[in-house]
Amino acid sequence: KAGVTQTPRYLIKTRGQQVTLSCSPISGHRSVSWYQQTPGQGLQFLFEYFSETQRNKGNFPGRFSGRQFSNSRSEMNVSTLELGDSALYLCASSDGTGNVNYGYTFGSGTRLTVV
Amino acid sequence: GESVGLHLPTLSVQEGDNSIINCAYSNSASDYFIWYKQESGKGPQFIIDIRSNMDKRQGQRVTVLLNKTVKHLSLQIAATQPGDSAVYFCADSGGSNYKLTFGKGTLLTVNP
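Protein chains in written order, with our numbering: chain A, 1 to 115; chain B, 1001 to 1112.
One thing to keep in mind: the hints can contain errors.
List time: in silico PhoX-like cross-link candidates among lysine-lysine, alpha-carbon distance up to 25 Å [to be verified]: (1) LYS1104/B to LYS57/A; (2) LYS1104/B to LYS1042/B; (3) LYS1071/B to LYS1042/B; (4) LYS1056/B to LYS1071/B; (5) LYS1056/B to LYS1068/B; (6) LYS13/A to LYS1056/B.
These are computed hints drawn from the structure, not numbers from a lab.
Based on the sequences and whatever the hints tell you, model everything.
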């Protein structure tokens, strides 16, 4: 069973540009969550999608957005990049119903560097 | 003010010793807790979870203890091995709002 796939693994962008990251969840999982990991703030929740609907959103500016497609794949977009957006962006996949357990499985992340 | 960098608590143990990693959470509504292990260059890897209706759960070489009275969680690793060296995070569900709140993490170093 394939795990959570995040692409690309590494990305270098210039301030002011925008970027799109992709996440393919485990087959059958309908929930995708996004987290930002930095040395200064640790792991912080960005947003969560289930069946193409955003169910929860963290405290990030509107430059951070996401969406989920009918096949459960998700993308997140960051516009007008700032140096402080440099981070490891992690995607987590889960069943999403909470009936068994939340069982969040993380991908290896996309390392974004803004220069 | 905002910290420049997280100062991770560190734990250094000898191979074969037992390790105990502690975590405090703040949301009394949290009903689900997970421990993750993160190795360099990788995403967090699920180790073990526990629901708030339990106070102890055991896995293979790992045990999680939950004390809801003081909002404290611990991870015990038996017979720690060099491959256990990593950063360990606790996370809680914060009342099931479809997100996890992570602790700062603890860097575990296992000396051979």
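Results for each hint:
1. LYS1104/B to LYS57/A: holds (20 Å)
2. LYS1104/B to LYS1042/B: holds (17 Å)
3. LYS1071/B to LYS1042/B: violated (29 Å)
4. LYS1056/B to LYS1071/B: Holds, at about 14 Å.
5. LYS1056/B to LYS1068/B: holds (11 Å)
6. LYS13/A to LYS1056/B: violated (46 Å)
This entry does not satisfy hints 3, 6, going by the numbered hints stated previously.
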